[in-house]
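S.K.: Read off the chains here:
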Amino acid sequence: MHFEKVKAYWLLPLLALLCIGWAGSWEELKSTAGTVNSVRADFIQEKHLAILAKPLVSEGVFYYQAPRSLRWEYSRPVKSVLLMHEGRIKRYVKRTSGFEEENNAGLEAMQVVLDQITQWMMGRFDESPMFNARMDEAGRITMTPKDEAFKAIIQRIEINLAQQPGVIEDVIIYESEDAYTRMRFTNTTLNGKIDEAVFRKVP
Amino acid sequence: MNHPVRIVLLLLLLPVACAQLPKIVPAPLSPKAIRPACDCDLIFPRGDWQLLHAIEATVPGGGKQTILGLSQVSSADRTIHCVMMTLEGMVLFEADYNGAIKIERAVPPFDKPGIAEGIIEDLRLIFFAPELPKRQTGTRTRSERVCRYPLPGGGAQDIEIDSDDHWIIQKYNRRNRVIRTVQSESERAESAHGIPSRITLEAHGLTGYRLHLSLIEATPITNQTKR
Numbered sequence: 000m001h002f003e004k005v006k007a008y009w010l011l012p013l014l015a016l017l018c019i020g021w022a023g024s025w026e027e028l029k030s031t032a033g034t035v036n037s038v039r040a041d042f043i044q045e046k047h048l049a050i051l052a053k054p055l056v057s058e059g060v061f062y063y064q065a066p067r068s069l070r071w072e073y074s075r076p077v078k079s080v081l082l083m084h085e086g087r088i089k090r091y092v093k094r095t096s097g098f099e100e101e102n103n104a105g106l107e108a109m110q111v112v113l114d115q116i117t118q119w120m121m122g123r124f125d126e127s128p129m130f131n132a133r134m135d136e137a138g139r140i141t142m143t144p145k146d147e148a149f150k151a152i153i154q155r156i157e158i159n160l161a162q163q164p165g166v167i168e169d170v171i172i173y174e175s176e177d178a179y180t181r182m183r184f185t186n187t188t189l190n191g192k193i194d195e196a197v198f199r200k201v202p
Numbered sequence: 000m001n002h003p004v005r006i007v008l009l010l011l012l013l014p015v016a017c018a019q020l021p022k023i024v025p026a027p028l029s030p031k032a033i034r035p036a037c038d039c040d041l042i043f044p045r046g047d048w049q050l051l052h053a054i055e056a057t058v059p060g061g062g063k064q065t066i067l068g069l070s071q072v073s074s075a076d077r078t079i080h081c082v083m084m085t086l087e088g089m090v091l092f093e094a095d096y097n098g099a100i101k102i103e104r105a106v107p108p109f110d111k112p113g114i115a116e117g118i119i120e121d122l123r124l125i126f127f128a129p130e131l132p133k134r135q136t137g138t139r140t141r142s143e144r145v146c147r148y149p150l151p152g153g154g155a156q157d158i159e160i161d162s163d164d165h166w167i168i169q170k171y172n173r174r175n176r177v178i179r180t181v182q183s184e185s186e187r188a189e190s191a192h193g194i195p196s197r198i199t200l201e202a203h204g205l206t207g208y209r210l211h212l213s214l215i216e217a218t219p220i221t222n223q224t225k226r
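Taken in sequence, the protein lines are chains A and B. Per numbering that gives the first Met the number 0, the very first residue in the first sequence carries number 0; after that it's consecutive. Per numbering that gives the first Met the number 0, the very first residue in the second sequence carries number 0; after that it's consecutive.
Bound conformation, chain A alone (with noise of 0.2 Å):
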């Protein structure tokens, strides 16, 4: 598997997940995903490995407006942000000098994640050709690839969804089980209104 779409697929889980809705049937999660125009969260990212006594933090804001409008920004530890708008995909990275944009062909790969979230944002998870989906009682919903190779990347992604509808509380991707990343989501608003200059200018 290449390492850009490795890499971009990596996002996925990251990146629609945000926007399903709670739901105790998949039905119902796509009634409820259905109705979900916009988002924009703080999130808080553990990553946890055996080595590590306490975890790596990094924090930053997510946006999403529907159909293809994508804003992931991280503030710490290091400041860069992903755009994805009108189908154009764009990467920047904060240096001495300002924002700076990073080519590298792995946004290439990213056209084949923003197709897999408009699937995603509809609320079809069983639908996935990459995942096989099981939604249990509490609420969670675990992935788990069907690719042997992509099993490699990832072993499973947990979703727990929040109690108000529309709301994720984390997403918990496995890389194994002493490897893995917690995303927290905090402030969440959904349907407001995003300026449309937030998918397409950075800072």
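Some hints here could point you the wrong way.
To be verified - Here are some chain A residues pointing at chain B (derived, C-beta under 8 Å):
# : residue
1 : LEU48
2 : ILE50
3 : LEU55
4 : TYR73
5 : PRO76
6 : LYS89
7 : VAL92
8 : SER96
9 : GLU174
Derived from the structure by calculation, the hints contain no laboratory data. Where is the CB? At the ideal position from N, CA and C, for every residue including glycine.
Got chain A; can you put chain B on it based on the hints?
M.R.: Chain B alone, transformed into the frame defined by chain A:
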């Protein structure tokens, strides 16, 4: 052999034939020197450290990519545990080094032959004092102190320190050609526990690359912080 071919061959071989290590001028201890010329290896972190860097990699063709590099290094044991991950937290490469390399995880292209060895070699160059005792010390025009160390597999390593405590490491192969340059860029005040806040590593040659390491966090590893 016709004349043009001989010229081409001569031109190709000339740099190899002529390459020699830069001269070091033997000098008595400068009264202005803060430390004697024999302490070049004090530029390296001593003890056990966990270092988190933002690494800006510039590859042939000019493409840039920023990743996070987590290194646990022990100067006494000369061991390294290294994790490289995307800003989103995906682990691209994880390996242990304790004289031999054990790869825990490597996703493409980090799984290509030689990549792990190259990463560990670069980390050893940046964080560890040379293994063998120095064979020459002195000064050079741009440097207040210079130490030269032989390398176990042949070649040499120079450590140059200027009056502001900036340092440069030059690694030479057996043919005395520079294959790596490592340079501290930060001021002493910006360094954390003597560990520079910015380091640049340049790999020379056709497949050369450049790494800018910006220190995010330096944490001493103690029994409490060990897992």
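S.K.: Does the structure break any of the earlier hints, and which numbers would those be?
M.R.: Checked against the structure, the hints that fail are numbers 6 and 8, while the rest are satisfied.
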